[in-house]
Amino acid sequence: MRLFTQIGAYLLLMRRTFTRPEKHTVLYTQVMREIEKVGINSIVIVLVISIFVGAVITIQTNYNIENPLLPRYLIGVTVRDSLLLEFSSTMVALLLAGKVGSSIASELGMMRVTEQIDALEVMGVNPASLLILPKIIAAMFFFPILCLLSIGMGLLGGYLTCLLADVIPPSDYIYGIQYAFYPHYITYAMTKTVVYALIITSVSSFLGYYVEGGAVEVGKSSTRAVVHSCVLIILANLVLTETLLQ
Amino acid sequence: MIEVKHIFKKYEDTYVLNDVSAQFEQGKCNLIIGRSGSGKTVLLKSIVGLIDLDEGEIWYGNHLFSHMESRARQEIRQEMGMLFQGGALFDSLSVEENVMFPLNMLTGQSFREKLERVNFCLDRVRVSHSNRLYPSELSGGMRKRVAIARAIVLNPKYLFCDEPNSGLDPETGMVIDRLIKELTDEFQMTTIVNTHDMNSVLEIGDKVVYIHDGCKCWEGTREEVLHTDNKDLNNFVFATRLAKQIKG
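Keeping their order, the protein sequence lines are chains F and P.
For the first sequence, position 104 (counting from the first letter as 1) is numbered 103 according to numbering that gives the first Met the number 0, and the numbering increases by one without interruption.
For the second sequence, position 242 (counting from the first letter as 1) is numbered 241 according to numbering that gives the first Met the number 0, and the numbering increases by one without interruption.
Just so you know, these hints were derived from the structure itself, not from any lab.
Take the hints with a grain of salt, since some may be wrong.
[To be verified] Think about it this way: if two alpha-carbon atoms lie no more than 20 Å apart in a straight line, the pair counts; the simulated EDC-like pairs of lysine to aspartate or glutamate are:
1. P:Lys9 / F:Glu211
2. F:Lys22 / P:Glu78
3. P:Lys44 / P:Glu78
4. P:Lys156 / P:Glu2
5. F:Lys22 / P:Glu112
6. F:Lys22 / P:Glu96
7. P:Lys44 / F:Glu211
8. P:Lys113 / F:Glu21
9. F:Lys22 / P:Glu74
10. P:Lys180 / P:Glu222
11. P:Lys156 / P:Glu74
12. F:Lys36 / P:Asp90
13. P:Lys44 / F:Asp117
14. P:Lys156 / F:Asp117
[As the list claims (entries may be wrong)] Not the full set, but computed from the structure, chain P residues with beta-carbon under 10 Å of chain F:
15. Lys44
16. Gln77
17. Gly80
18. Met81
19. Gly85
20. Gly86
21. Ala87
22. Ala146
The C-beta atom is built at its ideal place from N, Cα and C for all residues, glycine as well.
Kindly produce the complete structure, drawing on both the sequences and the hints.
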C-alpha cells in the first residue's frame with residue numbers, strides 16, 4: 000500500500016514539476032547553473048573512470064581470446080561494443096546516481112528542513128517547477144554528452160593499452176573498433192542515457208523534496224536516492240535492452 | 000482582515016487544532032501565543048496554506064482561501080510575506096539576491112527598479128552595505144532582518160512571523176519585535192506573529208490569541224493578558240516564581 004502512495008506522490012510531484020514555469024529567464028538561468036552542477040562537475044570523474052575501464056576491457060578480452068583462429072581485431076570490436084552497449088550508458092549512469100543523485104536529494108532535503116521550500120510556496124512560486132525542472136532538463140541534456148565523452152575516452156584507453164602494453168598491434172585495434180559498426184548502437188546508448196537522467200534527477204528530487212525531520216533524515220534520503228535510482232536504472236536497462244535491441 | 004472559522008486539524012488520532020476561530024485585524028500586530036507544542040505553528044501554517052485543514056474555513060477579506068484552487072491561491076500568496084523561524088534565506092544567494100528573489104519571480108521590473116526597492120527594504124530593516132554577503136556570513140539577528148526585508152519587498156498586505164525572536168538574545172529579539180510593529184503600522188498590514196515570548200506580547204501585542212492544546216482558550220489585548228482570570232493563561236504568563244510573586 001505504501002508503495003502505491005509513494006508512486007502517487009511521485010506522479011503528483013512530477014505534474015507540479017512539468018507545469019509552465021513562472022519566468023522563462025529564471026528557468027534558463029537555473030538550467031545553466033544545473034548544467035554546471037550535474038554535468039560539467041562530473042566530467043573529470045567520468046573521463047578518468049572511462050579511460051581505465053577501456054584499458055581493463057582490452058586487457059581482459061585479450062586474456063580471454065587466446066584462440067589463434069580468432070582474429071585479433073575482435074578485441075577492438077569487443078571493447079567498442081562493451082562501451083557502447085553497456086558501460087558508457089548504464090555504468091556511467093550508476094556512477095552519476097551516486098554523485099548527482101545524492102547531491103540533489105541532500106540539497107532539496109536541506110531546503111525542506113530549513114523551510115526554504117515553504118518560503119517559496121508562501122511567496123506564490125511553484126517550488127517544484129523552480130527547483131526540480133531545471134535539474135531534469137540539465138541532466139537530460141548533459142548526460143548524453145557525458146556518455147559520448149565516456150565512449151571516446153574508453154576507446155582511447157583501449158588504444159593506449161595496445162600501444163603501451165603491447166596487447167595487440169594498435170592497427171588491429173583501430174580496425175576492430177571500426178569493424179561491423181551499427182550506428183543504431185549510438186541511438187540505443189543515447190536513449191538509455193536520457194531515460195537514466197530522468198530517473199536519477201526525478202527520483203532523487205522526490206526523495207529530497209519530501210524529507211521530514213533534520214540532518215539525519217536528510218542523510219537517509221540521500222542514501223535512499225542512490226539506492227532507488229540504481230535499482231530503477233537496472234530495471235530500465237532490462238526493459239530498454241529488450242525493447243531497443245530486437 | 001484574516002478570519003479563521005471552526006478549523007480542525009488531526010494527526011493520526013490527536014487533534015492539534017480543535018475548533019479554532021479567530022479574527023486577525025488589519026493594521027495590528029495579532030499575536031498567537033501558547034506553550035511549545037500547543038498548535039501555534041500548525042495554526043499559522045494552516046493560515047498561509049502550507050498545511051491542509053481537515054475542516055473549517057480561512058478567509059482573506061472576502062476570499063475563502065482554504066477552499067481555493069492552487070492557481071487562485073497563488074494570487075493571494077503574492078500579497079503575503081512570511082518570516083520563518085530560522086529565516087529560510089536561500090543559502091546559495093547573496094543578501095541582495097535573496098531580497099530581490101520575489102521581485103525577479105513575480106514582477107516585470109527592470110534591474111534598476113528592483114535594486115532600488117531592495118536597497119530601500121534593506122535600509123528599512125537597518126541592514127545596509129551587506130548586499131554581497133551570504134546568509135552563512137550573517138549573525139542570527141541580521142538573518143532575521145534580511146528575511147523581514149524579503150518578506151516586505153513586494154509590499155504585502157499580510158505579514159506572518161513564526162517565532163521571530165527565537166534564538167536571539169532578549170535585546171536583539173526586542174529590536175526585531177519593534178521592527179515588525181513599525182512595519183505593520185507604516186504599511187497597514189495584517190500581521191500575525193507566533194510567539195511564546197512574553198516580552199513580545201507586552202511590547203507589540205495589539206491583539207493576543209492564546210492557544211492551549213489545540214484550542215483557543217482566550218483572546219484580548221496585551222493589557223488584558225496581565226489581568227485575566229484564565230487559569231491556563233495565568234500559568235503561561237506568570238510561569239516563573241518571580242513573576243508569580245509580582246502578581247501576588
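Going through the hints against the structure:
| no. | hint | verdict |
| --- | --- | --- |
| 1 | P:Lys9 / F:Glu211 | holds (18 Å) |
| 2 | F:Lys22 / P:Glu78 | holds (18 Å) |
| 3 | P:Lys44 / P:Glu78 | holds (16 Å) |
| 4 | P:Lys156 / P:Glu2 | holds (14 Å) |
| 5 | F:Lys22 / P:Glu112 | holds (18 Å) |
| 6 | F:Lys22 / P:Glu96 | holds (16 Å) |
| 7 | P:Lys44 / F:Glu211 | holds (15 Å) |
| 8 | P:Lys113 / F:Glu21 | holds (17 Å) |
| 9 | F:Lys22 / P:Glu74 | holds (16 Å) |
| 10 | P:Lys180 / P:Glu222 | holds (17 Å) |
| 11 | P:Lys156 / P:Glu74 | holds (12 Å) |
| 12 | F:Lys36 / P:Asp90 | holds (15 Å) |
| 13 | P:Lys44 / F:Asp117 | holds (9 Å) |
| 14 | P:Lys156 / F:Asp117 | holds (19 Å) |
| 15 | Lys44 | holds (8 Å) |
| 16 | Gln77 | holds (4 Å) |
| 17 | Gly80 | holds (8 Å) |
| 18 | Met81 | holds (4 Å) |
| 19 | Gly85 | holds (6 Å) |
| 20 | Gly86 | holds (8 Å) |
| 21 | Ala87 | holds (4 Å) |
| 22 | Ala146 | holds (8 Å) |
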